[in-house]
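Protein chains in written order, with the numbering used here: chain A, 1 to 409; chain B, 410 to 818.
By construction, these hints were calculated from the structure, which means they are not laboratory data.
Check each hint, because a few of them may be wrong.
[Claimed, not checked] Sample of chain B residues lacking proximity to chain A, with all beta carbon distances greater than 12 angstroms (derived):
no.	residue
1	S487
2	A501
3	G710
[Claimed, not checked] If you only want the chain B side, here are some residues facing chain A, beta carbon under 8 angstroms, derived:
no.	residue
4	L459
5	E465
6	V478
7	G720
[To be verified] Non-contacting residues of chain B with respect to chain A, defined by C-beta distances greater than 10 angstroms in every case (computed):
no.	residue
8	A423
9	D440
10	D476
11	A491
12	R593
13	V699
14	D709
15	K729
We put the beta carbon where it would ideally sit given N, CA and C, even for glycine.
2 protein chains.
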Amino acid sequence: MARIVQKFGGTSVADIERIRNVAQRVKREVDLGNEVAVVVSAMAGVTNQLVNWTTEISRLHDAREYDAVVATGEQVTSGLLALALQDIGIDARSWQGWQIALKTDDTHGNARIEEIDTDQLLERLKAGQVAVIPGFQGIGPDNRITTLGRGGSDTSAVALAAALNADRCDIYTDVDGVYTTDPRIVAGAQKIDRITYEEMLEMASQGAKVLQTRSVAMAMSHNVRLQVLSSFADVPGTLVVNEDEIVEQRIVSGIAYSPDEAKITLRRVKDRPGVAGGIFGSLADAAVNVDMIVQNVTEDGETTDLTFTVGRSDLDRAAKVLDGIKEDIGFTDMIADPTVAKVSVVGVGMRSQPGVAKTMFQTLADRGINIQVISTSEIKVSVLIASDYTELAVRALHTAYDLDGDVTT
Amino acid sequence: MARIVQKFGGTSVADIERIRNVAQRVKREVDLGNEVAVVVSAMAGVTNQLVNWTTEISRLHDAREYDAVVATGEQVTSGLLALALQDIGIDARSWQGWQIALKTDDTHGNARIEEIDTDQLLERLKAGQVAVIPGFQGIGPDNRITTLGRGGSDTSAVALAAALNADRCDIYTDVDGVYTTDPRIVAGAQKIDRITYEEMLEMASQGAKVLQTRSVAMAMSHNVRLQVLSSFADVPGTLVVNEDEIVEQRIVSGIAYSPDEAKITLRRVKDRPGVAGGIFGSLADAAVNVDMIVQNVTEDGETTDLTFTVGRSDLDRAAKVLDGIKEDIGFTDMIADPTVAKVSVVGVGMRSQPGVAKTMFQTLADRGINIQVISTSEIKVSVLIASDYTELAVRALHTAYDLDGDVTT
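Chain A extracted, bound-state conformation (with noise of 0.2 angstroms):
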């Protein structure tokens, strides 16, 4: 017997035929003598049309009545899910966040999960009752319903399973795992078994859109097993797991690539104390999340090029906010290009194993790529270039590192 968290996403309870079929997987791990809690997103297209609802009403954003308005999704799955489970014969009830609770820090709209009380559910889960879990959504120190950001069902499963202490946090989507790279651009992409969590951490924050970064971080800090696997197939998925738990290990696990990156160079910076302080503290400020940096010292000793990324739909906002300041803190020109993509290499096998970095930049200079900007962790590297060059650099990258697999069509 095991105590499992599943999680369904919004594809995976789109309508009412594949929330039964949802039911069928919980029913399978009920007949096995699991405990099962269940956490489910939103029916796939509803959160949009509540999030749409609230910006057409409002430029003013109030978040709390944003989360009462976003957090219904999940709350009307949690039900149809409950009764569909009851129709096949099994024990299951709803929980709201607020019934649990779930308690958040009073950040709305983009809050963290703080503490979950256990004592009912696990007292319901003992006596052989599943319980679903709007995923998503927990309750503010003020009594009013929050929610986690986007993508936070994932959060909602990993929290969970850390507090249930569960034996293994199951996370359905409309993928059967994670691959090498993504199948659509290389179809000799593979599905890895087992990975890591730090390279399931830059897998998924350097755009391989299968887990949400702040749960793999959750589930690494916590040691919840993770498993990504498809709601619709019946096939084994990917295990994400600690390094000792994964015998032989790759040196290179996966390509990722985030095509939608903005550069932005400011050239004559004055390099002085604070500069940048001032400068990245205005754009976080602003919520603008940056990303690649560099700084190259210019001829005259006394100003500086500094040049870093930002997601493109942050570019205008990006622009505006440099305007600003731009007497303040001194530069001659920015100069913006929302052509560019960041393709990273990602794996814990490079840590022993020099020559990683350097494969890559040969294979991308060998295919005429040229790198704009280079920015290296301990297991990845990731370089900055012009965006029509993505999918051939991830294809000659996957080659090299000797990723391909057999492809089946």
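Assemble chain B onto chain A, guided by the hints.
Coordinates of chain B only, in the frame set by chain A:
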């Protein structure tokens, strides 16, 4: 300065534009210096969609899950209206039933309001904040969401007005008041300026679908001044008040009708004590509402013919129940007629004025309309007729009691 509860129905909040329109109506009361609490229905069509999902997914019906699903419709509207109010500079927040708390009994799907904690609400209202409350729902003793049954938002509004000791409860709907009869049938139907609770109760339960019966009964018992008015037109509505607030009382205030009735006759029922109790008890257990009941003694003196009406949609269910107890109760035949309608003449004035019933019977006889069953109360006379004659009867009675106004087209 007054304290007002406003309630807006589903068609009044059917889309974002209409919710903005509602916000303007709320603003008008706020601008007058009034304290305002607003009760909202789900956007038109939403509740039906949610109900359909619950019935589609499971024929078994856990009313607690049904409630969790169906209550989301009003929750969405409450958040959206709060946003719309904020957008035009009005301080407002949504209050879910469990936040208030609006406490009900545990009859999920058809709960009764038991108590409303008004401390927090009153504090905010006095501070000038508009409270937006989802209608039709509350929180049960099991800490789970309850709903009040279809049309329950009227009841929410009246209960809230009573608890808040409000000066008025304005029910905004898609008609501009209560009419002497259905204007779709009688072109000369007139809007009633003031109507008593008792009359409104008869009009509502007799098929004038402007206000939910339960909400009128509650308004009467708590002395809540009710006003029915249009969300779309700026014209005076109908005020529902105590009899002493109406200076000149007509003898007959209105003609109500209910087209969807069915008549059941049980032939030669054994005439012994407990028989009627057995029949109507069994029907009540099956949630079949029985309305008009007539019993005739037959010639033999030992059996009786029993005739009564049920809602047409309940007929099959009723027939099944009766079939099941036929042996037990002892009757020879069951004759069902699904083609009957009930027409009622309503008015508190008839208490002091004899001859109202006579006028009704004469008018119908003159038109060749056969009266099948008669039922009376202090302030109404109802007859059952063949449903084909419904419109003819309503028009003739409307004229006979001098209710016709000028026809403007």
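Outcome of the hint check:
Not every C-beta of chain A lies more than 12 angstroms from that of B:S487, the closest at about 7 angstroms, which undercuts listing it as non-interface. In this structure B:A501 is not separated from chain A by more than 12 angstroms, as the shortest Cβ-Cβ distance comes to only about 9 angstroms. The Cβ of B:G710 sits about 53 angstroms from the closest Cβ of chain A, beyond the 12 angstroms cut-off, so the non-interface label holds. Taken as an interface hint, B:L459 checks out: its beta carbon lies about 7 angstroms from the nearest beta carbon of chain A, inside 8 angstroms.
Hint status for B:E465 relative to chain A: holds, with the closest Cβ pair at about 5 angstroms, below 8 angstroms. Hint on B:V478 holds. Least Cβ distance to chain A is approximately 4 angstroms, under the 8 angstroms limit. For B:G720, the interface hint is violated, since its Cβ never comes within 8 angstroms of a Cβ in chain A; the closest pair sits about 26 angstroms apart. Annotated as non-interface, B:A423 keeps its C-beta farther than 10 angstroms from every C-beta of chain A; the closest such distance is 12 angstroms.
At roughly 19 angstroms, the least C-beta separation between B:D440 and chain A is larger than 10 angstroms, which holds for a residue marked as non-interface. For B:D476, the non-interface assignment is contradicted: its Cβ lies about 8 angstroms from the closest Cβ of chain A, within the 10 angstroms cut-off. Here B:A491 does not stay apart from chain A, with its beta-carbon only about 5 angstroms from theirs, under the 10 angstroms limit. In this structure B:R593 is separated from chain A by more than 10 angstroms, as the shortest Cβ-Cβ distance comes to about 33 angstroms.
Listed as a non-interface residue, B:V699 keeps its Cβ farther than 10 angstroms from every Cβ of chain A; the least gap is roughly 31 angstroms. Residue placement check: B:D709 keeps its beta carbon more than 10 angstroms from all beta carbons of chain A (closest about 52 angstroms). For B:K729, the condition that its CB be more than 10 angstroms from all CB atoms of chain A holds, with the nearest at approximately 23 angstroms.
Taken one by one, the earlier hints fail for this structure at numbers 1, 2, 7, 10, 11, listed in ascending order.
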